[in-house]
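Q: Keeping the supplied structure of chain A fixed, place chain B upon it in accordance with the hints.
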Amino acid sequence: MLTQNEILLLKQAFDEKDRIYFSSLPSRDELLDISFSPKFERRMQRLLLRAQKVYYPMINTLAKRVACFILSVVALLSITTMSVEALREPFFQFVVKTYETFADLFFPTNDETAPFIPCSPGYIPPGYKQISHDQGITYVRITYRNSEGKEITYSQMHNTGGTTSTIDIQEAYFEKLMLTNDTEAIYMEKKGTRLIYFKNENNIFKIMGQLPKEELVAMANSLIK
Amino acid sequence: MLAFYLSILDTAEEKSLITHIYTEYKPLMMHIARSILKDEHLAEDAVHDTMLKIIEWARSHHETDPQRIKSLVCLVTKRTALNNRKYEWRRRTVNIDDLTDQPAMWDNYEHSTYSDLLSILALLPYNYQEILQLSVQHELSTKEIAKVLGLSHSNASKRLQRAKQAFGEKWRAQNADTE
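Those protein sequence lines, which keep their order, are chains A and B.
Mind the numbering: the first sequence is residues 1 to 225 in my numbering, read in order.
Mind the numbering: the second sequence is residues 1 to 179 in my numbering, read in order.
The shape of chain B in the complex, shown without the other chains:
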């Protein structure tokens, strides 16, 4: 009986978290998706797909830090929009002028406490930064990462391993130089 009540409680928490994420970040998700896809309808599709992934995530994680939630929402929206854009490229011809680079994420880090780390991260390909962030900051399992990125489990695992290796090598090389 206790398990039953606990399951109801969990679901109630999930419900409020999912609804909160949607109402709070809906415009932000749309803004990010639209900046990548340049199309209202495609952006709406991306927001919908993002919410599907967020619902999955909310069922297994009980994150309460608003900054972390916002960070994940931005990451997932961006990845979903990029994946959908890739799909659109395959599906139809898109004017190359309509496509912009990925949104800038690395402005003004020189004055940060973590400027060394951030400058190393900035040297890594975006795929590596993204998977490291999902794994290290959001503590997602490889299976969850694979779902968010739209990759197979083995590809996600391999990419994560390479990202950690690339970051580790650069970080240790920089530390060796400064010593």
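Okay, chain A solo, but in the shape it has when bound:
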């Protein structure tokens, strides 16, 4: 490494070297005939104007200019959306609607290792006949239909590790019901369709159809051991 004294000497030597070098360069008068293209002059004028801005370091490269442009557009759009009522209202309505329309039902699990035992309702309302039966490792889905074409859908799901079901609650009536053996259930009505959700042992049951509430509750009670 260089000592302070060496650095000082070197600095003076460089100054001397510059004096020698400058004497070899053409004088200002000799450089008068150098001309520049109009395109270059315009480009330099733009550069000098930009350099005079306080925010020049933020726009001195193309990437920074592009980033600034994108940020400006995003900011402008946000400001426009928030300041114009015709845009702001639908935006908030969308947010509110999204959060008001749906609800999540969470069913905790009691015993994750319990095996899945498929079952079907012991009571079926008169006139309904089974038209389909779909069964997997962790679910059962049965559809019943009467002569009028009305259907009842019964579902059983194995509840392992907790299950969340999202339901559309917009313009819906719902209440909490007590089934036999103090089993809690969620009952919901919407546009003539009735639905009941409940958990028994390690299963989640859902029964849905266009049938009276009493019939729906009777079907649910027939599943509880």
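Some clues are possibly wrong.
[To be verified] Footprint (simulated), chain B over chain A, 3 or more residues, beta carbon under 8 angstroms:
1) 15-21
2) 33-42
3) 51-63
Calculated directly from the structure, the hints in this document are not laboratory data.
Virtual Cβ for every residue (Gly too), placed ideally from N, Cα, C.
A: Coordinates of chain B only, in the frame set by chain A:
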């Protein structure tokens, strides 16, 4: 409020310095760039690139010595033109006869007060002379040097270290001989 006025003042100084450098040294920058690149348009590009670097420098340094400013302008222009020439070599075939050596910078130093130092500097590769000058004479940080030379920070740091080492070894060897 004071900081605001100071920032305006700084910017005003920078503005006048940048404009002054451009108007004062524009023909000189063009002369140096043209002597290296042998092409009007490429030389103009080099002058533009040089000014970008000078603007960066003027924002962090408040040099008032005209000789130092001229020295830096010449150094940066030369390096920018050399870098651009290297890029042009990669981009297209250039007639070897069109290319000249780097402009002579070491004439008549024998009669100088610092002839010993200058003769040692002349023995170093141009890359080393240039980085030493930027660091020692113009007091640029390694980061600023890296920007001016178009190198990564680590490469600039390594080159500077080697340049100092090479100069130190030669200088001490010469002093030992004379003693």
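Q: Are there at least three residues in the region 51-63 of chain A whose beta carbon sits under 8 angstroms from a beta carbon of chain B?
A: holds (count 6)
Q: For the region 33-42 of chain A, do three or more residues have a beta carbon lying closer than 8 angstroms to a beta carbon of chain B?
A: This one holds; 4 residues, not fewer than the three required, reach chain B with a Cβ under 8 angstroms.
Q: Are three or more residues of the region 15-21 of chain A within 8 angstroms, CB to CB, of chain B?
A: With 7 residues closer than 8 angstroms to chain B, the region 15-21 of chain A meets the three-residue bar; holds.
Of the numbered hints stated above, none is contradicted by the structure.
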